[in-house]
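Visitor: Residues per chain, in single letters:
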Amino acid sequence: MSHFLQLLFTGIGIGAVYALVALGFVLIFRATNVVNFAQGEFSMVAAFLMVVCAVDLELPYWLSFLIALGGMALVGAIFNLGVYYPLRHRTFLPVIISTIGASIFLANTTLAIYGPQPQVLPGWFETPGFQVGPVYLDSQYLLIIAVTVVLVAFQYWFFEHTLLGKKLQATSQDKEMASLLGIPVARMIMITFIYSALIGGIAGILVAPILFVSIQMGSSIALKAFAATIIGGFGDVAGAIIGGVALGIIETFGAAYISVPYKDGFAFFVLILFLIFRPQGIFGERVAEKA
Amino acid sequence: MTITRRGFSAALAAGVAMPAVLREALGQSNTLKVGMVLPASGPAADSGKYALTGAKIALERVNKAGGVLSRQVELITEDDQTTNPGAVLAFSKLAAQPDIVAFIGSIRSTQNHAMAPDILKTAKPVCFGGTDPQLTKLGNPWLFRFRPNDSYSGRVIAAYGAETLAKKNWAIVHSTDAFGTSGGKALTDSLGKFGAKVVIDQGYPNQSQDFTAVVLAIKQSGADVIGSYFTFENDLGIFARQLRQLGVTVPWVGSPSITTATAIKLAGPALYGTFGVADYAEESSPEAKEFAGLYRKAASTEPDNFGSWTYDAIGVLCAAINKAGSTDPNKIRDAILATKGYKGAEGEYNFDQYGDGLHGYNIVRNEKGKVIFDKHIEFDD
Amino acid sequence: MSVEAPIRAARRSPLRFALAPAHIGYFVLSALAVLLVSRATLDGYVLNILMQAATYSVAVFGLSVVLGLCGQINLAQAAFFGIGAYAVGLGTVDYGLSYWICLVIGTIAALLAGAFLGMTTLRLGGHYLAMVTISFQQIVTLVMINAVGFTHGPDGVPRIGRPALFQTSQSYLAFAVAALAIIGYCVWHLQDTRLGRAMRAVRDNELAASVAGINVYRTKVAAFAISALLGGLGGGLFAGGFTYVSPDQFSFAESIVFLTMALLGGVASPIGSVIGTGLLILIPEWLRFLKSIPGLYLAIYGVAVILIILFMPDGIWGFIANFMRRFIRPVPVATVPPLVLSPDRTGSDMVLDVKGLSKHFGGLKAVDKIDFAVRRGGIHALIGPNGSGKTTTLNVISGLYRATFGSVVLGESDITNLSPHRRTGAGLGRTFQNIRLFRSMTALENVVIGAERRGNSLIPATGGYAALEERALAALEFVGLGPRANEPITRFSYGHQRLIEIARALAANPTLLLLDEPAAGLNSSEKRALHDLLERIAAQGLTILLIDHDMTLVSGAAQHITVLNFGKRIADGESLGVLRHPDVIAAYLGTET
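Protein chains in written order, with the numbering used here: chain A, 1 to 291; chain B, 292 to 672; chain C, 673 to 1265.
These are computed hints drawn from the structure, not numbers from a lab. There's no promise every hint is true.
Here are a few chain B residues that sit away from chain C, every Cβ distance over 10 Å (derived from the structure) [to be verified]:
no., residue
1, S332
2, K347
3, R352
4, G357
5, G358
6, Q372
7, A387
8, S512
9, G559
10, A615
11, G616
12, K622
13, Y645
14, K659
Across the chosen pairs, the derived CB separations fall in these ranges [claimed, not checked]:
no., chain 1, residue 1, chain 2, residue 2, range
15, A, I258, C, R1163, 56 to 64 Å
16, C, A712, B, A414, 45 to 53 Å
17, A, R90, C, R1252, 49 to 57 Å
18, A, F125, B, D390, 52 to 60 Å
19, A, L59, C, R998, 57 to 65 Å
20, B, D390, C, C858, 42 to 50 Å
21, A, R90, C, N1089, 55 to 63 Å
22, B, S617, C, C858, 52 to 60 Å
We treat Cβ as the ideally placed atom computed from N, Cα and C, and that holds for glycine.
Given the sequences, and given the hints that come with them, work out the whole structure.
Guide: This is the structure in structure tokens:
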């Protein structure tokens, strides 16, 4: 039983990381119909920015955090202008390849600037964790779970109760209609990219103290987050969160009770089952028939 | 600035042609060339940097002492991108340069496997650091190993844990890649000879984000000692931290990766009190100490085995060429195989018929982040 | 030009003949290339690069089929490549089989895996296909790593055998290049086959393809399976070339590399595949001189990928081909006998019988229990105000929607539950309100797809492409666009595109032609021409079911009218009578009466 609870906690924790990255995928997908293969690199870049500020320059943690987020906003904006915007009228394939190019570029530019050594980023809290009964709660995982919950609540409030959120939603549903209604579509997409880069960045900064900061930290999480996105349904924010957490739990329990070496396979096996039997994801809306 | 399509294609064409032009312009020089395949990009790029540093300081020593066959020695490097096809291309690119007399291969066994057919074709000595015991038994006469192979690391881990620490119930944790699998197997094989048994053998895939399941399994198995073969330090760091968090405190004897500077930096206190086998330990010999001094001067990081084996490889190779008195590959090969009692940073090199130079390991201890030399275990066979 | 050559008498089409010298040239050039690599002195580095390029190209051909011809994504090409490579590796090393047998086994294994994957998921399409292929890729990689007893695990398989004939690397490379040339020829040729045309049609417009009689699902599965087959074949060649394989050579990252190669070179042609593959292997090699800073050259490579996608949307070969196309005059069009329509006449007087037909969307009854029958010969119009359910009715009849209740009988056969392409096979032809043509093709190619309908009795089984082309040309001639047959669709005006769509339906020699608002967007002279065209079609005995808002056209052309409002039939009968019916006037003119 104690093992079960411990696995559950870790599963939810790692799942929350997938969920945060998946959220970035979903937002960009909804706005542009494109899967951003560089989403994982957003997390990696943000973690390196944190290392530069908090470790190398020894700035206060909160200030480093703000600087890193500022940097991510800029990355998101440049990414939109350089990688997505010029290709917005093309089909999804060239855009996917373009984001792949961007991911190679971001990873290797960081490598060229910072060198290949993995780095250590301290966590937010002095205490590494608590022993609660039979379960050890890692404080960084607790933080990640908390942030995920808060972000989901924020997201809900933002999209349902603010004008900007509603404009963004209108844009993601029907660009032509949105522009007819006088919504500046290009600006909305810009905001989406910046917001996604920020969320990806937050995920990277939060997970860095656990997984360390390395060039490939982003790509390994992103692939899982990707799977989470499908399990949850590609067009749906709540789905991404549930998908991410579900994946984290499946993986952790699969590793404990079935096989550790095939751990990464469970995610994709579940995914194939979903695609065959429930392609719309857990929460996906029914796809309407259309001619 | 607006880029037109035509302008872009012109620039593309120019970009395509430029490297060839540059290569022509660079020309030739009268140095003795040693080729080196190393990861400059990809997940192992950091170890590539250390390997290069080690090779460079050895080179500097050799050149200061008058070079080889009265020529200065030059290192030509190619990036293997930490992939097998990358290694094959990098090696064949070097092999295509006829003035390169010998090569430094990879520290990764699978890459050496991938390059082996080309090495056989090139028919020039290749010094490598991969520890899969198979590599020197392929019947490929051009492969020379500058680190003790895994049959030794397995035996040393088993000997230390089962005899010195007197622990009989083992948990083995290993990566599922070539290095980890062969290491885990070697350790399992050796444990039987010491009357110890494996209570749990747990493989994990590289770049795992979480080891909770592995740690809990170890906890449940009742193991009183852990033997490990980790490939990447970040996996090792995550495992170490979760091991301590979940309250596992049994002794831990790890493969060389547990003693590297990166691992110690990443895992911090979680590795305090662990043991590791190390082909390189600073305190193990005066030569090792000398290397440490030179290495610290050249790089800002702590010396470890990634640098020491290339340092020794260059040293042995240059000595062998001098002894051979020629750059004829067969003569160099004979001279390397005849090398006995060469004192390098990693230990004493006595090459056997297969091309294995080292036959023992150091045991080191992590004392509050400092690597302390414990003892050296050497085998005759 | 060589159009006047005697071969013309053998009814070879002018288009095909113009290509013939290109085919001979292709083989001459390929033979030269094989000769060159087998004779020239190549160092190991060049040999390895060429070996990699030649074997990877075969796998990239696969992507040019699935992606370029059929428009479906495949992110698991490295897995199929790996299946082929491991078959050769394990077969020659562990089981002592001959290289050739292993190559065949690997290719078939990849084909089966691809077909299975395609069959289970190709109904999803688009992004979902991307996901499922990624998952497949990951699972294959994990099996390669972890099934140590079978695959040798992460150690990989060393000392892989080669065929006795090609023991040296250079002779094997020559063999690989020769194989590449032959496979490339087949891939190039594929687009001239029935299957290839179907793939292009599916890529351009799935809906139009299905109503043109193409089994969209089967076509996609075929494209996917062929792609997997080529992946496996390339992998088998690769394993023999490098004589060592290990799991990390077939990872997801490699699938991405394959995809980038395909898009970079241009997916439209195998030449593009070879260019893309060569470049993507060479670019990082060229940039090696930047190696002093780790990562720098791969960063530049990343930017190069973005820039090429940005500035060369059709890939490098597409860019070159577009440029060259400016210097090629369109091939002159041959003269053909006039179009013959001979609609099937089996069954009763009523060619179409719709009974109790309903279509509900959730709670909305878009079509509610309507009955009507279309008499053989002549023009029958289905009219009604906006939102009355006309187009929905047409979509249910042609199979794009499944009927909630009711039945549709065409001639003697009940087609209520058939899929769209089988209805077309049964003799239904239709056009769309918003024109659906295959936009990457010429007018002629569009109409050929129509002519190719299964069950088109006017195409002799032995006629081959020439017969199809002759019929298509006749159909274009019939709508007045014969001389422009070889121009791409994009050069035609809106009105002309409508005519091409009608020609595509006519070429299939249907039993019943459904026209969905053919007059929409036409000017008055175009409308008159359309009216005239409908009369000429009807004169040949082909029945037309017409939907339109243009009352002049409807009242002038149709002998019989059915009127719908709010999904219900409100009137049905002889034209003039129906148009004077008070309910119809009320429905149309509403409060103004």
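Visitor: None of the hints should be skipped; say for each whether it holds.
Guide: We went through each hint and held it up to the structure:
1. For S332 (chain B), the non-interface assignment is contradicted: its Cβ lies about 5 Å from the closest Cβ of chain C, within the 10 Å cut-off.
2. Distance to chain C confirms K347 (chain B) as a non-interface residue, since its nearest Cβ pair spans about 13 Å, more than 10 Å.
3. Every Cβ of chain C is farther than 10 Å from the Cβ of R352 (chain B); the closest lies at roughly 22 Å, confirming the non-interface assignment.
4. Listed as a non-interface residue, G357 (chain B) keeps its Cβ farther than 10 Å from every Cβ of chain C; the least gap is roughly 27 Å.
5. With a least CB separation of 23 Å from chain C, G358 (chain B) remains clear of the 10 Å interface cut-off, as annotated.
6. Its closest Cβ contact with chain C, about 8 Å, brings Q372 (chain B) to no more than 10 Å, contrary to its assignment away from the interface.
7. A beta-carbon of chain C is positioned within 10 Å of the beta-carbon of A387 (chain B); the least distance is around 4 Å.
8. Residue placement check: S512 (chain B) keeps its beta carbon more than 10 Å from all beta carbons of chain C (closest about 21 Å).
9. Listed as a non-interface residue, G559 (chain B) keeps its Cβ farther than 10 Å from every Cβ of chain C; the least gap is roughly 26 Å.
10. In this structure A615 (chain B) is separated from chain C by more than 10 Å, as the shortest Cβ-Cβ distance comes to about 24 Å.
11. For G616 (chain B), the requirement that its beta carbon stay farther than 10 Å from each beta carbon of chain C is met, with the minimum near 27 Å.
12. Every Cβ of chain C is farther than 10 Å from the Cβ of K622 (chain B); the closest lies at roughly 22 Å, confirming the non-interface assignment.
13. With a least beta-carbon separation of about 16 Å from chain C, Y645 (chain B) lies farther than 10 Å from that chain, consistent with its non-interface assignment.
14. For K659 (chain B), the condition that its CB be more than 10 Å from all CB atoms of chain C holds, with the nearest at approximately 32 Å.
15. I258 (chain A) and R1163 (chain C) have their C-beta atoms about 60 Å apart, which keeps the hinted 56 to 64 Å range intact.
16. Taking the beta carbon of each, A712 (chain C) and A414 (chain B) are about 21 Å apart, not inside 45 to 53 Å as hinted.
17. Between R90 (chain A) and R1252 (chain C) the Cβ separation comes to about 53 Å, which falls inside the hinted range of 49 to 57 Å.
18. The hinted range of 52 to 60 Å is satisfied by F125 (chain A) and D390 (chain B), whose Cβ atoms lie roughly 59 Å apart.
19. Evaluation of the 57 to 65 Å hint for L59 (chain A) and R998 (chain C) yields a pass: the beta carbon distance comes to about 59 Å.
20. Between D390 (chain B) and C858 (chain C), the C-beta spacing of about 44 Å keeps the proposed range 42 to 50 Å intact.
21. About 38 Å separates the C-beta atoms of R90 (chain A) and N1089 (chain C), a value inconsistent with the hinted range of 55 to 63 Å.
22. Here the CB-CB span from S617 (chain B) to C858 (chain C) is close to 53 Å, well matched to the stated 52 to 60 Å.
Figure legend: structure checked against the earlier numbered hints; hints not met, in rising order: 1, 6, 7, 16 and 21.
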